[in-house]
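K.L.:
In order, the protein sequence lines correspond to chains A and B.
For the first sequence, the working numbering assigns the number 1 to the initial residue and increments by one for each residue that follows.
For the second sequence, the working numbering assigns the number 1001 to the initial residue and increments by one for each residue that follows.
Note that these hints are calculated values from the structure, not bench results.
Computed from a predicted model, the values in this text were never measured in an experiment.
Please note that a few of the clues may not be correct.
If you only want the chain B side, here are some residues facing chain A, beta carbon under 8 Å, derived [to be verified]:
hint: 1; residue: P1031
hint: 2; residue: N1234
hint: 3; residue: D1237
hint: 4; residue: D1238
Glycine included, C-beta positions come from ideal geometry on N, C-alpha and C.
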Amino acid sequence: MSVQPETPEQKPTSIIPHENIERAQVDAVNKAGERSLYAARKKIHPKRANGTFRTIKWWVMIVTLGIYYLSPWIRWDRGPEIPNQAILVDITNSRFYFFFIEIWPQEVYYITGLLILSAIGLFLVTSSLGRIWCGYTCPQTVWVDLFLVVERFIEGDRSARIRLDQAKWSLSKLTKRITKHIIWLIISILTGGAWVFYMNDAPTLAAQLIEFEAPLTTYFWIFILTSTTYLLGGFAREQVCTYMCPWPRIQGVMMDEDTLSVMYRYDRGEPRAPHKKGDGWEGRGDCIQCRQCVVVCPAGIDIRDGMQLECIQCSLCIDACDSVMEKIGRPKGLIAYDSLANFERRAEGRPEKIHIIRPRTMLYTIFMIIIGGSIIYGLMHRDDLEVNVLRDRNPLFVKLSSGDIRNGYTVKILNKTHDIRKFSLDVTGFEHHFDMRTEGIEEKDANGLPIIEVGRDQLRSVKIYLSIPHNELKSTSIDIEIIAKDIERHNISRNITSFRGPKQ
Amino acid sequence: MSTEPEYDKITDTYTTGHEWDGIKELNTPLPRWWLWTFIACTIWAIGYWIVMPSWPLVSDYTKGVLGHSQRDVVSAEVNAAIQSRKIYSEKLLTADLETIKNDRDLLEFSMASGKAVFGDNCAGCHGSGASGSKGYPNLNDDDWLWGGSLEEIHHTITVGVRSTHDDTRISDMPAFLTDEILTKNQIKDVATYVISLSNNSVAAPEGAAQIYQENCAVCHGEGAQGHKEFGAPNLTDDIWLFGGDPETLNATISYSRKGVMPKWAGRLDPATIKGLAVYIHTLGGGE
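Please put together the full structure from these sequences, using the hints given.
P.N.:
Okay, here's the thing in structure tokens:
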């Protein structure tokens, strides 16, 4: 495809209006009519914006990066022999630690619940405030922002960077480029490095990493995450959001006419035209065609083209436009958080309204409360003792030489506390005498019941055999209970099982 | 069909110029890096064919210049697993059986490894639950032909029964009919007598006790409790290796039984046999 048809574009402007407002000759990267079958990426040089939303974004960046880099270093004492890292995914010992919470592999439903909760939370936020996640907290956005800070610091703001791009190679250009990439790489290594600390004891691993004694897989993971950070933050940038990420496609279904999104108020801005200082504002819109909204955009698009796939709703165009409006003495908010419904309301002369509480958001909230409540309930009632009794099925029962009938059971005791605990095992449900034999358990209490010691944070599996005289077995199956009792804390686990024998 | 690209007002996009029966395609281009990624992956695939095993041939496959083989990876992993178990298997080798039974770690290791070894080697005759079948003893109960202590179980596994081992377990019950020691009627009487020992509802025929004492008590004992040194089973309990009904017992006495079990020394290494003995001992009947 080489045919480039004529574009129905407005002609560029040459009037110089307000002297203190920078004007840009710039097109949106996704401008219609300039597309071929394979579109080359147009390099975007986002200008720094200043204002409320930029400030919010700085703080979000500090907090999220702070959490990411620092949380593996928080210590949390859990007693001897147990890791003291507050947040730790201990893959070797299959445990997940989160401050006072400790999760065993069979309790992975807590994590499932947390993921569902996060997903619905994202739905709720998206349906009420649009792409807040994308614009403020998504790691891609945060790291691209961080990489841009570095780029701006080394190479200057937008126009300086464009000049540098176009300049011939010189020592100064080379120095700037090398410095920038070195800093980017350092950030990337720190990012990849921080990731592995979540899976290992951070101080130990840090020492190992420095002495090149850490496991090879650790270096491999650091390498992977370093490369992705460097590539996605330094080069791919908005391409990730536009072409790779599935979330922008999915979230369309959560948004409706009441969803607040970053929007250009065309009803106020149009017809747009350059404006000369001193001219009146009658018969024209507030948009003065300065294109400051385009130059600050990290996705390089024009918000005035309406809602579009590429827009991550970072709100920087709001800041850019607001500062222009301030300078030309027009009210702020030509670009603002607004809903499609408000455009209709204004057209019909009705008052604007923010309509957050609606069936959709209520439903998401209810789901969140139910799921969050269940997780909290589950965690609060999480038993630190779990006993599983597995009855032998092969063979169902054994006839002994005395004529007695014997059944075998495997009793698994999970001690989820960080203390060594002792449990006595007892059985109820037999009418008369029964005989209990345990394998490998020597200790007995005063009543002759076996005492089983289970290490801190461990599972112990014990084989027990119960036998009763043949004539006491009145049916082929007797319901019995195997009771494990903590001899110090006195909490009890009763486990219903059965005792089987031959047909009478 | 290819025509000139047209501007589409509704979508604010141009068409590609491709047209099929009046259906036109809007131009929503792929990013060029995507194309490059695709090309890079294709080149990578070609490289992969060269260095890794890939193409099937008639009776073989291309090995690849790196000589990678998943079979080698598996054997390396199996060897690593054997190495990692060494701390236990070496301890098993030196420790005596009683120590193993009392050491929690060794006991649990033996129970786990013994179970796997049993499934691979013993379950064929004794059954996966070790409950045996006709001619193959149930290892869960407390009725042992050759003794149910750890040492005896260990020895039986090591040497086998009527095996090629020099010290093999061997019992030699005469075939009372074919060897012309007893008559058919005498055999029938003594069989009924043996049943009466464990079944109160059966009466012992007259003179049968006499026949028993003269012919059987040498090995099975005067009280018919059996004799583990000879592998002579206890006849007073209701556990039968070949069956306790009159016909089966008649056949057993008339023609004798000569069960066999292979020796496992030489097939399994000593540590494995020790672990297996401990496992069988924990099945519930161990003495």
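K.L.:
For each hint, tell me whether it holds in the structure or not.
P.N.:
Evaluation of the provided hints:
The closest approach between the C-beta of B/P1031 and any C-beta of chain A is roughly 5 Å, which is under the 8 Å cut-off, so the hint is satisfied. Using the Cβ-Cβ criterion of 8 Å, the hint placing B/N1234 at the interface with chain A is satisfied: the shortest such distance is roughly 7 Å. At its closest, the beta carbon of B/D1237 sits 4 Å from a beta carbon of chain A; the interface hint therefore holds under the 8 Å criterion. A cut of 8 Å between beta carbons decides the hint on B/D1238: the least distance to chain A is about 6 Å, and the hint holds.
Hint compliance for this structure: no hint is broken.
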